[in-house]
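Residues per chain are reported as follows:
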Amino acid sequence: MSRTPIEKPKSVYFFGTCLVDLFYPEAGVAGIELIKREGVEVIFPQAQSCCGQPAFNSGQRDKARDVARAQLDLFRKDIPVVLPSGSCAGMMFKHYPELFEGDVDYNKACALANRVYELSDFLLNVLKIKLTDKGEPMRVTWHGSCHSQREMGVRSQPKDLINQLENVELVELKRETECCGFGGTFAVRQPEISAAMVSDKADDVEATQAQKLVSGDCGCMMNITGHLDYRKSDVKGLHLAEFLWERTNDPR
Amino acid sequence: MTLVNGKDFKGRVHKALKDDELRANFRRAMDGLMGKRAMQFTDGDEWTRLRNLGESIKKRALSKLPELLERLEENCTKNGIKVHWARTVDEANSIILEILKSHDVNTVVKGKSMVSEEMELNHFLGDHGIRALEADLGEYIVQMAGQMPSHIVMPAIHMNKGQIAKLFQDHLPDTPYSEDAAELTAIARKELRREFMEAGAGLSGVNFAVAETGTLCLVENEGNGRMVTTVPPVHIAVTGIEKVVENLSDVPALLSLLTRSATGQPITTYFNMITSPRKEGEKDGPKEVHLVLLDNGRSKVYRDTETRDTLQCIRCGACMNHCPVYTRIGGHAYGGVYPGPIGKILTPQLEGLDEYPEHASASTLCNACVEVCPVKIPIAKMLVRLRDENSGNCPHGEHPLKGRGTKSSTLENAGWSGWAAMNASSATYKVATTAMSRIGNLLPQASPMLKEWTSVRVKPKFAKKTLHQMAKEMGLKDE
Amino acid sequence: MNKIVKQEILDSLRNASSSKGDFVTDKSVIYDKKWTQEQKIERFCQVTSAVNTQIKQTTLRDAQRDLIDLLTEKGVRHLMQGSPSPIAKEITDNWTATDTGVKLRSYDQTIEACKEELFSVDASLTTTVGAIAETGSLILWPTREEPRLLSLVPPIHVALVYEDRFFNTFLEAIEQEQWTTHMPTNALLISGPSKTSDIEQELCYGVHGPKELVVMVIRNN
Numbered sequence: 000m001s002r003t004p005i006e007k008p009k010s011v012y013f014f015g016t017c018l019v020d021l022f023y024p025e026a027g028v029a030g031i032e033l034i035k036r037e038g039v040e041v042i043f044p045q046a047q048s049c050c051g052q053p054a055f056n057s058g059q060r061d062k063a064r065d066v067a068r069a070q071l072d073l074f075r076k077d078i079p080v081v082l083p084s085g086s087c088a089g090m091m092f093k094h095y096p097e098l099f100e101g102d103v104d105y106n107k108a109c110a111l112a113n114r115v116y117e118l119s120d121f122l123l124n125v126l127k128i129k130l131t132d133k134g135e136p137m138r139v140t141w142h143g144s145c146h147s148q149r150e151m152g153v154r155s156q157p158k159d160l161i162n163q164l165e166n167v168e169l170v171e172l173k174r175e176t177e178c179c180g181f182g183g184t185f186a187v188r189q190p191e192i193s194a195a196m197v198s199d200k201a202d203d204v205e206a207t208q209a210q211k212l213v214s215g216d217c218g219c220m221m222n223i224t225g226h227l228d229y230r231k232s233d234v235k236g237l238h239l240a241e242f243l244w245e246r247t248n249d250p251r
Numbered sequence: 000m001t002l003v004n005g006k007d008f009k010g011r012v013h014k015a016l017k018d019d020e021l022r023a024n025f026r027r028a029m030d031g032l033m034g035k036r037a038m039q040f041t042d043g044d045e046w047t048r049l050r051n052l053g054e055s056i057k058k059r060a061l062s063k064l065p066e067l068l069e070r071l072e073e074n075c076t077k078n079g080i081k082v083h084w085a086r087t088v089d090e091a092n093s094i095i096l097e098i099l100k101s102h103d104v105n106t107v108v109k110g111k112s113m114v115s116e117e118m119e120l121n122h123f124l125g126d127h128g129i130r131a132l133e134a135d136l137g138e139y140i141v142q143m144a145g146q147m148p149s150h151i152v153m154p155a156i157h158m159n160k161g162q163i164a165k166l167f168q169d170h171l172p173d174t175p176y177s178e179d180a181a182e183l184t185a186i187a188r189k190e191l192r193r194e195f196m197e198a199g200a201g202l203s204g205v206n207f208a209v210a211e212t213g214t215l216c217l218v219e220n221e222g223n224g225r226m227v228t229t230v231p232p233v234h235i236a237v238t239g240i241e242k243v244v245e246n247l248s249d250v251p252a253l254l255s256l257l258t259r260s261a262t263g264q265p266i267t268t269y270f271n272m273i274t275s276p277r278k279e280g281e282k283d284g285p286k287e288v289h290l291v292l293l294d295n296g297r298s299k300v301y302r303d304t305e306t307r308d309t310l311q312c313i314r315c316g317a318c319m320n321h322c323p324v325y326t327r328i329g330g331h332a333y334g335g336v337y338p339g340p341i342g343k344i345l346t347p348q349l350e351g352l353d354e355y356p357e358h359a360s361a362s363t364l365c366n367a368c369v370e371v372c373p374v375k376i377p378i379a380k381m382l383v384r385l386r387d388e389n390s391g392n393c394p395h396g397e398h399p400l401k402g403r404g405t406k407s408s409t410l411e412n413a414g415w416s417g418w419a420a421m422n423a424s425s426a427t428y429k430v431a432t433t434a435m436s437r438i439g440n441l442l443p444q445a446s447p448m449l450k451e452w453t454s455v456r457v458k459p460k461f462a463k464k465t466l467h468q469m470a471k472e473m474g475l476k477d478e
Numbered sequence: 000m001n002k003i004v005k006q007e008i009l010d011s012l013r014n015a016s017s018s019k020g021d022f023v024t025d026k027s028v029i030y031d032k033k034w035t036q037e038q039k040i041e042r043f044c045q046v047t048s049a050v051n052t053q054i055k056q057t058t059l060r061d062a063q064r065d066l067i068d069l070l071t072e073k074g075v076r077h078l079m080q081g082s083p084s085p086i087a088k089e090i091t092d093n094w095t096a097t098d099t100g101v102k103l104r105s106y107d108q109t110i111e112a113c114k115e116e117l118f119s120v121d122a123s124l125t126t127t128v129g130a131i132a133e134t135g136s137l138i139l140w141p142t143r144e145e146p147r148l149l150s151l152v153p154p155i156h157v158a159l160v161y162e163d164r165f166f167n168t169f170l171e172a173i174e175q176e177q178w179t180t181h182m183p184t185n186a187l188l189i190s191g192p193s194k195t196s197d198i199e200q201e202l203c204y205g206v207h208g209p210k211e212l213v214v215m216v217i218r219n220n
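As they're listed, the protein sequences go chains A, B and C.
For what it's worth, numbering that gives the first Met the number 0 labels the leading residue of the first sequence as 0, then goes sequentially.
For what it's worth, numbering that gives the first Met the number 0 labels the leading residue of the second sequence as 0, then goes sequentially.
For what it's worth, numbering that gives the first Met the number 0 labels the leading residue of the third sequence as 0, then goes sequentially.
Just chain A, same shape as in the assembly (with noise of 0.2 Å):
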């Protein structure tokens, strides 16, 4: 996916998601730092809630452009839009301007959609960051979600990141791009299949014997590393801000 490059800007929103907001606040922080770190103004709207995607793939299409709708005025600025999610990066991103068509908001709902960046991507392409490693050697491997990679095009952005940093090894996921199997309420509309989906991406991570899985998406991260800690793993899951943050961040 080729976007039309930019220049680094000033400043810019920075989109939560409730999952982070909920159970990963602090991958929330993280992201917020890594971008004011380059000297970055970060934005943050508290009217912000959800990008509407539960909704949108529960056939729940006008509760979920109610919840779009609400967004729409928060981000108004011509700066971009970052967001810790893939998945809900696309929602905006590709998905926005669907729900949207024929609606008295289309333009404002594309007008934001396409200020929208998933995290990774805008650290890498937009910010250039160049991260100095400050810890240990360690072993990690990479989960990215089915949506960073074909909503928003994020497949090595993350990797590109993660190998930036000295001291760790990158370990391929064996079938990387393969579903984990949390598909929002797929996970409790279809629990069987999901959990038999789960627990092969487990034991392909835990095959690599990393120390870490490394994610760029909570909804991911909760179902794999959910399932790892049920199996008692050793292999610990983060989100990539987090990891990157701390890897890089002085040791308190």
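In case anyone wonders, no lab produced these hints; they're calculated from the structure.
Quick caveat, the model's predicted, so the values are computed rather than measured.
There may be inaccurate statements among the hints.
Covered by chain B, per the in silico footprint, the following chain A stretches (three or more residues, Cβ under 8 Å) [as the list claims (entries may be wrong)]:
hint	segment
1	16 to 25
2	187 to 197
Think about it this way: if two alpha-carbon atoms lie no more than 27 Å apart in a straight line, the pair counts; the simulated DSSO-like pairs of lysine-lysine are [said to hold, decoys possible]:
hint	chain 1	residue 1	chain 2	residue 2
3	B	Lys463	B	Lys450
4	B	Lys286	C	Lys2
5	C	Lys114	B	Lys189
6	A	Lys231	A	Lys173
7	A	Lys158	A	Lys7
8	C	Lys114	B	Lys100
9	A	Lys158	A	Lys173
10	A	Lys231	B	Lys463
11	C	Lys39	B	Lys35
12	B	Lys189	C	Lys73
13	B	Lys380	A	Lys107
14	A	Lys93	B	Lys380
15	C	Lys26	B	Lys35
We put the CB at the ideal spot given by N, CA and C, even for glycine.
Following the hints, position chains B and C against chain A.
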């Protein structure tokens, strides 16, 4: 062997997931097919341009479908091919029965035809004293086993050599047990040769029906397709009405996309183009060729421009080869004729959402299928449309699908209304999330929805402070 | 009765919403596939031999001897050709059973009359209309002289193709030769011997069609 319906999807899923052998067979087979396909499309630019071309060819044909069907009929008729129209599978079966009876046929040899599976043709003919014998090796095997095909291109993909060896030993006279694939193939060749020679009629599907020239095109690797369309005195071809393409020059692009996507081959062994029955002075070929055009709900799918995209399908099977759900549950779990992603969107539209209520939700919307579809069917978008139809909530489509509202639930609607109310107002969102971060972790593991989750995962842990709170503490600007 | 059904189906389709869009057909991705004559032949050989086709490059002068050699090596005793034979005189003239051990037969009756013979012969010999470089395919247009089953039934099929009859792509063949103006009863693309991987994805040759395909490429010198 009759068509399994969509009603006990979860039961069949459960059975499939517990079948280690099935899972291993499918995993190995899908990995192989994905690898082979990838090797055919190493040039990203060529792939993009070719699939854009394929999409536009199919969309163009669909945009003129009634006109092309008439042109197809006109040209086929001029060529001596008799064209029949069937609205329902019953009508199609009757037409075929009549043709066979008028020629006193007691055995029909068949090339692979998914449309004939929709018709449950073999069963129907059997009830009328006519033997319909599958000649494609994979179909021959599943027919012998009394099963439905589990993949649209490789029907016996769910079986291994041991199972096939036993099948041949049990069903074929004087046949010893052998797991050697070459030997098994030779046995099938010998058995079927006599059948080709003696059958009163041959039946085939159609991959592309060319309106411009009245030509029926078939792809195959084995040679049984050519056999059944050339040796017996009567050839009957059946096809869905969506298979017509406008021009002969449209065929090469679609053929290339089909064979490379399906099995990773630049082309199949044979590409067979039939334009007429045996002409004066010709020494072989059927003296009569019939084409049966079947609707069976396709005109319903055609009705609105969003669902119409479903009819672009060229039946390559790439979607199911790449589907993480199909790989784990196999083809039979879906019920119906077409499994995998295309089955998930097509079957409920042909048969009704009420008949196949689980199909739309049996996907994580990972888009792996969308990525590989050679004619760019927006499968994920179609699944979301089917979910909308299922819930009956916001029918934005032009025409309601049969079974709209099948999964409509007052409880669920109320739940989503609550969710929407919470998220659409920043005030209620703040209150709700603050509350959740304080008491959410107290939610018992066995609560509805949570208990499915926690059967294989730990409970998700609400953070002490929300990101909103932390952002405020960090002093970030609000706008 | 069928006319009513036809009308109902067409009416259903006509009552539907119109498709939106231009549907531009840009075939440049296919037209871009161009090779020289030598490259075309090389590519053809490479692609088709990957699926077990045997290739023999020869000249008109040497073709008969090469053909007899390969048939003898394969233990062929009966070779069937079309009737009247469309094969170049240099190849089939002065062919005797005593000299070569291979009897030349002809597909000279209808299939109904010679079924048993056709199904028992060891090999067949046919001409071709050309070949396609991109996909490694032979183009056959069976005729009254060379019927359809000749290239399908016998377990070995030998096909002759002339070096100046190689097309870049299938599309090129269709357009250059103006197929749409004169489609034959049956047109075929044959790209290798018959095969299947229906048994545990293991490749096996010779399912219902020929187990062996031999292509003799006739070069000019």
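Each hint, compared with the structure:
1. For the segment 16 to 25 of chain A, the stated coverage by chain B is satisfied: 8 residues place a CB nearer than 8 Å to a CB of that chain, which reaches the threshold of 3.
2. Counting residues of the segment 187 to 197 of chain A whose CB falls under 8 Å from any CB of chain B gives 11; the rule of at least 3 is met.
3. Among the hinted pairs, B:Lys463 with B:Lys450 is consistent with the structure: their alpha-carbon atoms are about 23 Å apart, no more than 27 Å.
4. Straight-line distance between C-alpha atoms of B:Lys286 and C:Lys2 comes to about 24 Å, which keeps the hinted pair within the 27 Å bound.
5. This hinted pair checks out: C:Lys114 and B:Lys189 have alpha carbons roughly 16 Å apart, not beyond 27 Å.
6. As the CA atoms of A:Lys231 and A:Lys173 are separated by approximately 21 Å, the hinted pair is consistent with the 27 Å bound.
7. Taking the CA atoms of A:Lys158 and A:Lys7, the gap is about 21 Å. The hint holds against a cut of 27 Å.
8. Taking the CA atoms of C:Lys114 and B:Lys100, the gap is about 24 Å. The hint holds against a cut of 27 Å.
9. Under the criterion of a C-alpha separation no larger than 27 Å, the hint pairing A:Lys158 with A:Lys173 is consistent with the structure, at around 15 Å.
10. Between A:Lys231 and B:Lys463 the CA atoms are separated by roughly 24 Å; this keeps the pair inside 27 Å, and the hint holds.
11. Proposed proximity of C:Lys39 and B:Lys35 is supported: the alpha carbons are some 24 Å apart, at most 27 Å.
12. Pair hint B:Lys189 plus C:Lys73 holds up; C-alpha atoms about 21 Å apart against a cutoff of 27 Å.
13. Our distance criterion of 27 Å between C-alpha atoms is met by B:Lys380 and A:Lys107, whose separation comes to about 22 Å.
14. At most 27 Å may separate the alpha-carbon atoms for a hinted pair to count; A:Lys93 and B:Lys380 meet this at roughly 11 Å.
15. Between C:Lys26 and B:Lys35, the direct Cα distance comes to roughly 25 Å. Compliance with the 27 Å bound is thereby established for this hinted pair.
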